[in-house]
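Q: Just so you know, the sequences run in chain order A and B.
Each residue of the first sequence is one higher than the one before, counting from 0 in numbering that gives the first Met the number 0.
Each residue of the second sequence is one higher than the one before, counting from 0 in numbering that gives the first Met the number 0.
Hints were generated in silico from the structure; no laboratory data involved.
Possibly wrong hints are sitting among the right ones.
The list treats identical chains as one, so a pair stands whether inside a single copy or across any two.
Okay, derived cross-link-like pairs now, DSSO-like style, lysine-lysine, Cα gap no bigger than 30 Å in a straight line [to be verified]:
id, residue 1, residue 2
1, K141, K74
2, K7, K141
3, K74, K7
4, K120, K79
5, K141, K120
6, K7, K120
Keep in mind the model is a prediction, meaning the values are calculated, not measured.
Each chain, written out:
There are 2 protein chains.
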Amino acid sequence: MTMDSAIKALLFDVFGTVVDWRGGVAREVGPFLSRHNMAVDATEFADAWRREYSPAMEEIRSGRRSFVRLDVLHKENLVKVLRSFGIDADSVTAAELDELNLAWHRLDPWPDSVEGLLRLKRQFIIAPLSNGNIRLMVDMAKRAALPWDAILGAEVVRAYKPSPQVYADTTEILGLSPSQVCMVAAHNGDLAAARQCGLKTAFVLRPVEHGPDQQSDLRAEQPWDYEAADLNDLATQLGCPT
Amino acid sequence: MTMDSAIKALLFDVFGTVVDWRGGVAREVGPFLSRHNMAVDATEFADAWRREYSPAMEEIRSGRRSFVRLDVLHKENLVKVLRSFGIDADSVTAAELDELNLAWHRLDPWPDSVEGLLRLKRQFIIAPLSNGNIRLMVDMAKRAALPWDAILGAEVVRAYKPSPQVYADTTEILGLSPSQVCMVAAHNGDLAAARQCGLKTAFVLRPVEHGPDQQSDLRAEQPWDYEAADLNDLATQLGCPT
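Take the sequences, apply the hints, and build the full model.
A: See the structure below:
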């Protein structure tokens, strides 16, 4: 530990901040729905799947359930969502369900993400601090060329954001003081939780994460340490050469 | 899980297999010894420091002590070794001790390591499965351009090799069956433990890890799945183009 409060590491929310989960999941869900003659909009299906995300993690955050990785929650949620659209999950083979569940491993980065991360990586330790599990983050990074220095996040600390433990334990793993770590996210709630733990905060605007009619996270709701239009802009603000 | 037993991920021992710990530590210890007018050979000091490595971890493997990361053990061992050479650790500032302890974060790769890993990375998930902690591995990788897909190892599973839990839990994190994972190491003992857990095994000869008079690990002591002269040779044997 040192009293130096200059940023040494940047931790990134991933779903929505670095990659477009909605477009990616819809792209993978579309052919599945067609194959099964399901008259459901793929984007609507993606939104429904995502709506189960936070309640499923809340079971673990609250202590009512032991930690399981996000792949497991995504799979349970998928079965629920199929049912909600009147589809019997038993009519789909296990292999096909598993394959569809991997949609979350194959999300595309926003156009600025790879370039921004490459610039930031030259000056800082960069790692995801996502609720996604390690294998999910590895598959995504290999496919999309996300140049992480390490895969940190929920599975390493066995807790889900925004539990304070996630930010605190990750900072401790990095051997840094909280003020040497900056949380980067498109979500005010994530940044608020990080700030509570003493981390620096960077808001990145992702105005179409939830589609053209997005209502949430369209502006910084607190004066965060940095507010950026995208990851390239953040790199510029942090003094990283192009 | 699938019955496909083709290798999907390669896990690497790091100290000795990917990097030259002895040369690197001696290089960092040298100036420290000179500064303090200590008539001790830097390589002898490195060897003495490394001799404390396994006994320190054994306290944790045996359950006599809770898990602490390797940086902590290295620091305790450093104080012991200084004392064994007649040097009072209290005569050295805390900052200087901490800095010297970071020698393990600044080890150079063997000449074939980076090229070999880059070739292997195109075809497999590659990650360290080292007893080194996450920050140590991150610092080393950034300095030496080791292109890991993730940082796995002792700190993620909170146990030290060769405890079976390390290999088993890491395989589970990767969502793979043991036969889809190959342990790569210059140490027969590491490979034997991995094989006990069902992993595939690749022996890499590092005949001067312990210097010119090395007696151990000069040959494969079991018929491992692969035996390679270096990481480039392993990449070739595994069908990775140059």
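Q: Does each hint fit the structure? Answer for all of them.
A: Status of each hint after checking the structure:
For a Cα distance limit of 30 Å, the shortest separation of K141 from K74 inside one copy, 22 Å, qualifies, whereas the shortest one across copies, 35 Å, does not. Both within a single protomer and between protomers do K7 and K141 lie at most 30 Å apart by alpha-carbon distance, with minima of 24 Å and 13 Å respectively. Only between protomers do K74 and K7 lie at most 30 Å apart by alpha-carbon distance; the minimum there is 22 Å, versus 36 Å within a single protomer. Taking the shortest alpha-carbon separations for K120 and K79, neither the intra-copy value of 39 Å nor the inter-copy value of 36 Å comes in at or below 30 Å.
Proximity of K141 to K120 under the C-alpha cut-off of 30 Å is found in both arrangements, the shortest distances being 16 Å within a copy and 9 Å between copies. In the homo-oligomer, the alpha carbons of K7 and K120 lie at most 30 Å apart both inside one protomer (10 Å) and across protomers (27 Å), since each shortest distance falls under that limit.
In this structure, only the earlier hint numbered 4 is contradicted, and the remaining ones agree with it.
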